[in-house]
Amino acid sequence: MDVNEFYYLLKEQALENENYKQWRVIHGRAFGDVFLCAFEENDEAQIHLTAALIKISQRRFNEALPQLELLKNFCFNNFDTAALNYFTGLNYEFLGNEEKMTEFYEKMQECDVDFSFNTAFHPYYRTAKLAQKGGEYYKALFYYNKALAIIDDTELDDKKSKVLTQINQDILNVNEMIK
4 MDVNEFYYLL KEQALENENY KQWRVIHGRA FGDVFLCAFE ENDEAQIHLT
54 AALIKISQRR FNEALPQLEL LKNFCFNNFD TAALNYFTGL NYEFLGNEEK
104 MTEFYEKMQE CDVDFSFNTA FHPYYRTAKL AQKGGEYYKA LFYYNKALAI
154 IDDTELDDKK SKVLTQINQD ILNVNEMIK
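Residue numbers for the sequence shown follow our numbering, beginning at 4 and rising by one.
These are computed hints drawn from the structure, not numbers from a lab. Predicted model only: the values in this text are computed from it and were never measured. Incorrect hints may appear among the rest.
Using C-beta positions, here's what the derived DEER-type ranges look like [said to hold, decoys possible]:
1) Val28 to Glu106: 38 to 48 Å
2) Asp46 to Ile181: 17 to 27 Å
3) Asp46 to Gly138: 40 to 50 Å
Once the Cα atoms are required to be at most 30 Å apart in a straight line, the calculated DSSO-like pairs of lysine-lysine come out as [what the hints assert, rightly or not]:
4) Lys103 to Lys165
5) Lys165 to Lys58
6) Lys136 to Lys182
7) Lys58 to Lys103
8) Lys103 to Lys163
Glycine residues also receive a C-beta, built at the ideal position from the N, C-alpha and C atoms.
The whole structure should be built from the sequences, with the hints applied where relevant.
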């Protein structure tokens with residue numbers, strides 16, 4: 004068996020692995036189309052993205068970074084580039100690196116792709132929420148407004164309306180705390 008045959012056999016086994024399939028379902032529920040449609044035409048890239056998200060789910064954020072970096076080589080359209088920038092930004096958000104988080108979320112927005120996010124994983128939301136809980140109310144408002152700006156640039160659907168409502172409620176709560 005030559006190297007190429009061996010590679011395709013390993014890839015096929017990974018795609019048929021029940022554990023891999025379960026992680027795809029779990030991440031599909033959490034992230035929706037931003038995950039499920041990313042690298043749609045490339046099984047290898049989907050395997051790498053799933054592996055990176057498994058590491059993120061296990062709070063192994065620094066280990067996820069090289070896996071995400073590797074995916075740059077698989078970005079052939081705006082959707083894939085935007086999804087990669089989103090997941091890289093999210094990973095940096097979990098790491099608490101606001102500068103890198105912002106860098107990648109801004110790159111995501113530059114791709115001009117319309118994503119819907121679950122509230123918990125909406126760009127900037129976690130940072131805003133943590134700032135609010137920590138009594139850093141102006142920082143919380145800053146990041147809630149950055150989160151709103153992402154929604155303002157897109158067409159509203161039911162999912163986005165729920166996120167919008169939640170963020171606006173959080174802003175009202177923070178404003179009450181400031182008074």
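*asked:* To test your reading of the hints: which numbers does this structure violate?
replied: Structure breaks hints 1, 2.
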